[in-house]
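Protein chains: 2
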Amino acid sequence: MSPRVPETPEDAAFLAAYSPAAFPRPSVAVDVALVTVHGGRLRVLLLARSEAPQRGRWALPGGFVRLDEDLDAAARRVLSTKAGVEGVYLEQLYTFGSPDRDPRTRVISVTYYALVDHARFARLSATSAHLVATLDVPWEGEEGGPVSARDEHGDELALAFDHADILGHVVKRLRGKLDYAALGFQLLPPRFTLRALQTVHEVVLGRPLNKDSFRRRMLASGRIEPTGEQEQDVLHRPAELFRIARKSAV
Amino acid sequence: MSPRVPETPEDAAFLAAYSPAAFPRPSVAVDVALVTVHGGRLRVLLLARSEAPQRGRWALPGGFVRLDEDLDAAARRVLSTKAGVEGVYLEQLYTFGSPDRDPRTRVISVTYYALVDHARFARLSATSAHLVATLDVPWEGEEGGPVSARDEHGDELALAFDHADILGHVVKRLRGKLDYAALGFQLLPPRFTLRALQTVHEVVLGRPLNKDSFRRRMLASGRIEPTGEQEQDVLHRPAELFRIARKSAV
DNA sequence: AAAATAGTGTCTATGAGACACTATAGT
DNA sequence: ACTATAGTGTCTCATAGACACTATTTT
Numbered sequence: 001m002s003p004r005v006p007e008t009p010e011d012a013a014f015l016a017a018y019s020p021a022a023f024p025r026p027s028v029a030v031d032v033a034l035v036t037v038h039g040g041r042l043r044v045l046l047l048a049r050s051e052a053p054q055r056g057r058w059a060l061p062g063g064f065v066r067l068d069e070d071l072d073a074a075a076r077r078v079l080s081t082k083a084g085v086e087g088v089y090l091e092q093l094y095t096f097g098s099p100d101r102d103p104r105t106r107v108i109s110v111t112y113y114a115l116v117d118h119a120r121f122a123r124l125s126a127t128s129a130h131l132v133a134t135l136d137v138p139w140e141g142e143e144g145g146p147v148s149a150r151d152e153h154g155d156e157l158a159l160a161f162d163h164a165d166i167l168g169h170v171v172k173r174l175r176g177k178l179d180y181a182a183l184g185f186q187l188l189p190p191r192f193t194l195r196a197l198q199t200v201h202e203v204v205l206g207r208p209l210n211k212d213s214f215r216r217r218m219l220a221s222g223r224i225e226p227t228g229e230q231e232q233d234v235l236h237r238p239a240e241l242f243r244i245a246r247k248s249a250v
Numbered sequence: 001m002s003p004r005v006p007e008t009p010e011d012a013a014f015l016a017a018y019s020p021a022a023f024p025r026p027s028v029a030v031d032v033a034l035v036t037v038h039g040g041r042l043r044v045l046l047l048a049r050s051e052a053p054q055r056g057r058w059a060l061p062g063g064f065v066r067l068d069e070d071l072d073a074a075a076r077r078v079l080s081t082k083a084g085v086e087g088v089y090l091e092q093l094y095t096f097g098s099p100d101r102d103p104r105t106r107v108i109s110v111t112y113y114a115l116v117d118h119a120r121f122a123r124l125s126a127t128s129a130h131l132v133a134t135l136d137v138p139w140e141g142e143e144g145g146p147v148s149a150r151d152e153h154g155d156e157l158a159l160a161f162d163h164a165d166i167l168g169h170v171v172k173r174l175r176g177k178l179d180y181a182a183l184g185f186q187l188l189p190p191r192f193t194l195r196a197l198q199t200v201h202e203v204v205l206g207r208p209l210n211k212d213s214f215r216r217r218m219l220a221s222g223r224i225e226p227t228g229e230q231e232q233d234v235l236h237r238p239a240e241l242f243r244i245a246r247k248s249a250v
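Order-wise, the sequence lines are chains A and B. FYI, the numbering used here numbers position 192 of the first sequence as 192, with every residue one higher than the one before it. FYI, the numbering used here numbers position 94 of the second sequence as 94, with every residue one higher than the one before it.
Hint data in this document are derived by calculation from the structure and do not stem from the laboratory. Treat the hints loosely; a few may be bogus.
You can't tell identical chains apart in this list, so a pair holds if it fits in one copy or across any two.
In silico SDA-like cross-links for lysine to any residue, where the CA-CA straight-line distance does not exceed 20 Å [unchecked claim]:
no., residue 1, residue 2
1, K211, G40
2, K211, R175
3, K177, G144
4, K177, Q92
Computed from a predicted structure; not experimentally measured.
Work the whole structure out from these sequences, hints included.
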């Protein structure tokens, strides 16, 4: 990004006299959808709200942005403190600011999505305040719209605020970017088979893909490279393990 | 979007006791890039800052979001009051929130881009505080990065704050969405020739396109339809005029 | 040997690019 | 008639999908 523009003497004088309390201000929060793929379904981490408003409803991990904190940093702080994950793929999604989206006061939410291998969720599942919900997408392609979240019994969960809309945007963005960005691998462990990668793509896109064409596209993309190793403990011929290419080929 | 979630009695009690001044809050602004294509170049409306900080530098039209105002509404208000345009294509782009991006105080900017036919700029050009700058994109494809703005003599303009970054994001988004969204027409008058549409695409993408393939793709897309009319006052065979399709074909 | 999935070779359908040609306006 | 651009028909090439086949592991 651009360096901070140097202040002029006039700016310095202006700033000395400036009072930041002159205008009413909204609250600004970040909300993060921590997404993975497991068991042929899209999954997202939800937290039960322990305080009013909307106590008991399920919400994305979120928090208010601190005054001296970058937006991305706020999202990573939320991921670290509320979901216990660090160093994951993270991208800004959209900013939601309808005046009545939060009953407390005006809260503008800068939303993010983060992608992880399902194994990262394992340590969380013990807590009752956490839930790894299944996403149910009621539309095809990149049509968009709210999505619903279900628990392990298939019962629909009551989501807080506009979080069903936010999750709809997450799925739409994932479907749109999957084919021309390095997203799919982020949902898998460091070493993965082509079949596993194809399953991830199929779950995200919500439709089956052609095996031959998928293999060709992935190998030709230069985004992954073979490791020479093979998967272990499978009931059939083991597939070769791939990893993210160190340097993306041109 | 989702309807507002009904308040529970507990929520009502919580809200009666809630003090919105408990946490320090950043300022939230919208900045809008009003973009068109003219003379084979991308153009954007800039305003000279009349007040400190950074007085005299060129900035995107912007303003602070009011407490009861939706983000999109704030962007439309800025377009109306500072650029004199209404009813144009408008889309949220990205939210910039680096803590030091504005020297006054913490200002988080939700940025938008708007697309217009160049004729909409005609009435503005008289004012010295307005300037329709030419964008100079120093990268290819969707690589991204800041872009520079130049005046009619080709001299580079000093942009305020991080607006060179914002404009870079605008160009990147336009290039990414042009092929599978109804964007190109928004930069043209209501009736346009296929050649004019191709020129718009070429200017946005920064590279020449194949004429035959472009015609086929556009006609097959179902996004435009022929009017039966022809262009007037040209020195050669007149081309047919097209318009945006009333109902997008499946 | 049987079962199951990995991985390869080849044919076909589709769409983009290239190119040649015809059509129609103004001068 | 000449010039310039609009618009069409056809060939080629690249890529996705379909399908058949071979390969390699466990039981």
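Now the hints, each set against the structure:
Proximity of K211 and G40 under a CA criterion of 20 Å is satisfied intra-copy only: 16 Å inside one chain copy versus 43 Å between copies. Taking the closest pair of Cα atoms, K211 and R175 come within 20 Å of each other only inside a single copy of the chain (18 Å); across copies the shortest separation is 30 Å, beyond that limit. Taking the shortest Cα distances, K177 and G144 sit within 20 Å of each other both inside one copy (14 Å) and across copies (16 Å). In the homo-oligomer, the alpha carbons of K177 and Q92 lie at most 20 Å apart both inside one protomer (13 Å) and across protomers (17 Å), since each shortest distance falls under that limit.
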